[in-house]
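Position chain B with the ligand relative to chain A; hints supplied.
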Amino acid sequence: MSLVTSLPTNQAIPRTNGDRVAVFKSAEKRSDQWSQLLISVGENRDRQAFAQLFRHFGPLLKGFAHASRNEGWFPGLGDDLVQEVMIKVWNKAAGYNAEKASATTWIYTVARNCRIDMLRRKSNTQHLPLENEDFWHEPDEETPISLLQQKRSEDKVQSSLAQLPKEQDEILRKVYLEGKSHAEASAELGLPLGTVKSRVRLALQKMQVIVSTESQE
Amino acid sequence: MNNTSQFHPDETMLLEFSAGTLATAPSICVSAHLHFCSKCRNQLLRLDQVGAQLMSEAKPLELEDDAFDAVMANLDNPEQAPAKSDVKVSRFPFSVDKLMKNNLVSQTWKRLSGSVDVARFETGQDEFEVALHKICAGGKTPKHDHQGLEYTVVLKGSFSDENAVYREGDFLIREPGDVHQPMGAQNGECICLSALSAPIKLTNPLGFLMKPWLRINPM
Ligand SMILES: [Zn+2]
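Sequence order for the protein chains is A and B.
Residue 0 is where the first sequence starts when you use numbering that gives the first Met the number 0, and the numbers rise one by one after that.
Residue 0 is where the second sequence starts when you use numbering that gives the first Met the number 0, and the numbers rise one by one after that.
For the record, the hints were derived by calculation from the structure and aren't laboratory data.
Among the hints, a few may not be true.
[Claimed, not checked] Cβ-Cβ distance ranges computed for the label pairs, FRET-style: (1) B:109 - A:197: 41 to 47 Å; (2) A:121 - B:137: 28 to 34 Å; (3) A:31 - B:139: 52 to 58 Å; (4) B:139 - A:169: 46 to 52 Å; (5) B:58 - A:194: 26 to 32 Å.
[Said to hold, decoys possible] Derived coverage of chain B by chain A (criterion: at least 3 residues anywhere in the stretch with Cβ under 8 Å from a Cβ of chain A; other residues may be distant): (6) 24-36; (7) 41-48; (8) 53-65; (9) 94-103; (10) 129-136.
[Unchecked claim] Selected chain A positions facing chain B (Cβ under 10 Å, derived; list incomplete): (11) 179; (12) 186; (13) 187.
Each residue gets a CB set at the ideal place from its N, CA and C atoms; glycine is no exception.
This is chain B alone, in the form it adopts within the complex:
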C-alpha cells in the first residue's frame, strides 16, 4: 500500500531497522509502518545499500573445504525449501498478520474500557507489551500518561488527540510523561498496533477500574 503517511519513524530507527539492531517490538511497529509507507520503504532501500556496501567490503574469510559441496547437497532438499506461502491479500502487514494467527486474536480481545478493546501478542520478548487496540467509532479512551515509551501504528481507520488526526500507516512515539486522550474517528472503528515499554498510568478517576487490564502480564 502506498498511502501518504504523515508521521514516520525517525531516521535512527530506520537505520537500526536496516542494520538489524532494533529490538523486536519496535521492529514490528516499523515493519507495520513500512507496509503503508512507500517513502520509508525507499529510504530503507538506500540504508540497505549502505549495509550491502559495508558487507562487500568486509574482510572475506576462507571457507571450509567442504562448504560448497555441503550447500550443493542441500539444494532442492524439500525439507529446506520454504513452505509454499499461502499469501492471501491482507490489509495488515505480514508480521502483524502472523502474530494475529499465532495468537488467535479473534478470541483474545478483551474489553479495556467502554470503547476500547485490547488483544495482546506473545512476541517472545518482555521489554515491551505488544498489542492491538480497537477503538469504536467516536470512542473516547481514558486520559492517560506514560511511564515508558509507546510506539503506535494505525492499521485501520483513524483517531485523533489534542494535536492531530492519525490515519492508516501513521507511526507515533509517545515519550515518558506525555499525557493524551485519543479519540476514535466518528466514521468507523480504529485499530492500532502498539508497543509499550512500561505500564500506562491512568489519570482519571475511572483509572482504578482499568489498571488491572493495563498491567503488563509476564507471559
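With the rest of the complex left out, here is chain A:
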C-alpha cells in the first residue's frame, strides 16, 4: 500500500480568507496565532489577517522605536517605523518560512533592521551602499533547528527572562531595546566592560541561549 495516498493533501483542504481552521502547508506544526496569520498574509494576501497583525504588532513596534537611545533618534521615529515595518511585512510575507522562525522573531528581525537603517539615514550624510537588511540575507540551503527545539528555546527564553536578576535584565534591555553596544552600556552604567559581558553571558546561560560549557574560538 502506498503511504502517499493515505496522507492528506493540502489541495483538498478548502481555504477561506481569515479562516484560521484551515491547515496551511508550511504551518503544520507551528500553531501560534501570529505565525498562522503571517502565513495567511504570505499565501493569500489576506488583509484581515494583516489587520490583526497590525493591531498586535503596531503598538509594540512603536514602543520598540521609542525605546531606542541611538544617535539619529527623532520624535516621529515610532510612527515611521510602524509604517515601514508593516509594509515590509506585507511585501515580504510570502518569503516567511514558519519552519525557520516564529512570526514574532521574524517581525523582530525586520523591525531591528528597519530601525537601524532609519536611524543611520537620519544621522549619516554619507551614501550607505549597504542596508542593515543586507546582512540578514540567509542562504537558501539552511538546515534549521527543528520546530520542537525552537519552541522549547522560545518557551525557555520567555519563562526565564522574567526571572533574571535586575542587573542582568537591565543590560539586556539596554542592548536590545535601547540599541547600545556593550561598550556604551558599560560607560553608561559605570561598569567595566568585562562585567557587562559577564552579566550578559550569565543571562544568556540562564535562558539556555548559550551553553555554559561551550567555548568559542
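Leaving out everything else, chain B with the ligand in the frame of chain A:
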C-alpha cells in the same frame, strides 16, 4: 552553505549583531561568516528570539488614528514593493556580493605584493577599511603586525599562518600587536574578506614598498 567552520565570532559579537548594535564593518564580516556556518546561524536565531521576546514585552504605545489606513493605502503600491530579486546562486555572501557589484571589484584589484592583490570596498563608514585580499596559490604575504583590530573571513580556498590552517567560512580576529605571516594554500588561490581598523605596519625590509598601498585612504 553548511561547512563546519573552526573559527567563529565570539558570542558577544553575535549578540551585538542580533541586537543590531555591531558596527557596519564587523557586521559585514559576521554576515559573511554566517553564510558558511549553520552553527552560528542557529545561535543567532536563539539570540533573535531573546530580542523578539524583549520587543513583545516593550511598552506598547498607542498609534496615530490614521496609522492603519495609511499602511493599508500603501499595500501593493508598486513603488514600495521590493525589487524582484534576481538572486543568482553565488558562492559569496549576499552582503559581499552586493559590495562587489557596487564597487566593480573586478576592475579595482590592485597588486599589494608579489602574491597578494587587494580590492577595497566603499562601505559608507571610515572606522574600518573593508577589503578583499586575494593570495595566489602558495603565495607568501609580507610579515606584518597590526596597530588596530582586523577581522578576516575566508571566502574561498584556504591559508595558513604559524598557528593554524584557515578554511572557507573561518572567522579570525587579529588584536593590535599580533604579528603574523599568512601563506596561501598550495592548491589554489585564497580570497579573504577583511575589515581593518588601522593601518598595518610592515615589519620586513620590503615594507617601505607596500606602505603606500596599505595606507587607509580617506574615501
Ligand atoms: Zn560560526
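So, going through the hints one by one against the coordinates:
no.: 1; hint: B:109 - A:197: 41 to 47 Å; result: 43 Å, holds
no.: 2; hint: A:121 - B:137: 28 to 34 Å; result: 49 Å, violated
no.: 3; hint: A:31 - B:139: 52 to 58 Å; result: 56 Å, holds
no.: 4; hint: B:139 - A:169: 46 to 52 Å; result: 50 Å, holds
no.: 5; hint: B:58 - A:194: 26 to 32 Å; result: 27 Å, holds
no.: 6; hint: 24-36; result: holds (count 6)
no.: 7; hint: 41-48; result: holds (count 7)
no.: 8; hint: 53-65; result: holds (count 11)
no.: 9; hint: 94-103; result: holds (count 5)
no.: 10; hint: 129-136; result: violated (count 0)
no.: 11; hint: 179; result: 6 Å, holds
no.: 12; hint: 186; result: 13 Å, violated
no.: 13; hint: 187; result: 13 Å, violated
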